[in-house]
Amino acid sequence: MAGIEVLGVIASVGQIIHYGGVIVIGLHDLYQQAQHAPERYAQLANQVEQLVHTAQLIAETEALKTDLVRRHLDTLLDTVKSLDHTIKRALKDTSKRPGKRYWRAIWSSHREEKISKGFSRLEENKSSLVLCILGTYGEFMMPAAQVTDGSAKLIDESQDPKRNGANSRTRRAPRDKPERLRGGALRGKSSPPSEKVCAS
1 MAGIEVLGVI ASVGQIIHYG GVIVIGLHDL YQQAQHAPER YAQLANQVEQ
51 LVHTAQLIAE TEALKTDLVR RHLDTLLDTV KSLDHTIKRA LKDTSKRPGK
101 RYWRAIWSSH REEKISKGFS RLEENKSSLV LCILGTYGEF MMPAAQVTDG
151 SAKLIDESQD PKRNGANSRT RRAPRDKPER LRGGALRGKS SPPSEKVCAS
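Numbering (full-length UniProt numbering), first residue to last: 1 to 200.
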């Protein structure tokens, strides 16, 4: 893979992890400042954390540092930046009013619909990334998809280096008995996976 592709993926992953952390903190702060906050908004933080975990997996897996994956990451990055901007505005305006306020009053004044749509886009883009990885690289890496609260979370399965001759930099899943990959995943002579499965 080209060095520029690797750098592009690493840069996008780094920004997603950064903005993801900022959004989680912002949601927590808004939640703390409100009374009678609905539980679904507390669950949004978990949605962002799942995205961060997926980004970290990509950063640790050499086979996923491709231009195709980078394009999906860039789409996600635009979404998290927009959410970060919206939540920061909400926090700024809310901090001007001392004391706790009812959640309905806080979110109605900060376009709850806009925030909800932003998180819906985030989930759609995240699911597209996961499905892309599963569909395009599944036979090479054998990852599994676990659906939790409507969110697809990528679970990496490790590779047996004695059998497949894997690069030492390839990430291993922290399991006592790692599964072996089929078809000699990540071998230099393997033909690249088709990008027809998921075009961004």
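Be aware that a few hints might be false.
Unchecked claim - No farther apart than 20 angstroms at their CA atoms in a straight line, the calculated lysine to any residue pairs in the SDA-like style are these:
#, residue 1, residue 2
1, Lys81, Gly135
2, Lys114, Leu30
3, Lys81, His18
4, Lys81, Leu134
5, Lys114, Ala11
6, Lys114, Gln47
7, Lys92, His28
8, Lys81, Arg71
9, Lys81, Ile25
10, Lys114, Ile10
11, Lys92, Ile25
12, Lys81, Gln47
13, Lys81, Arg121
14, Lys117, Ile10
15, Lys117, Ala11
16, Lys81, Val52
17, Lys88, Asn46
18, Lys117, Gln43
19, Lys88, Ser127
20, Lys81, Ser127
21, Lys81, Lys117
22, Lys81, Ile4
23, Lys92, Leu57
24, Lys81, Gln15
25, Lys81, Ser116
26, Lys92, Leu7
27, Lys92, Ile10
28, Lys81, Glu49
29, Lys81, Lys92
30, Lys92, Gly26
31, Lys117, Asp84
32, Lys81, Ile10
33, Lys92, Ala11
34, Lys81, Gly3
35, Lys88, Gln15
36, Lys88, Ile10
37, Lys117, Ala59
38, Lys92, Glu113
Calculated from the structure, these hints are not laboratory results.
Exercise. Out of the numbered hints, which ones does the structure contradict?
Worked result: Hints 1, 4, 5, 10, 14, 15, 19, 22, 23, 26, 27, 33, 34, 36, 37 contradicted; others consistent.
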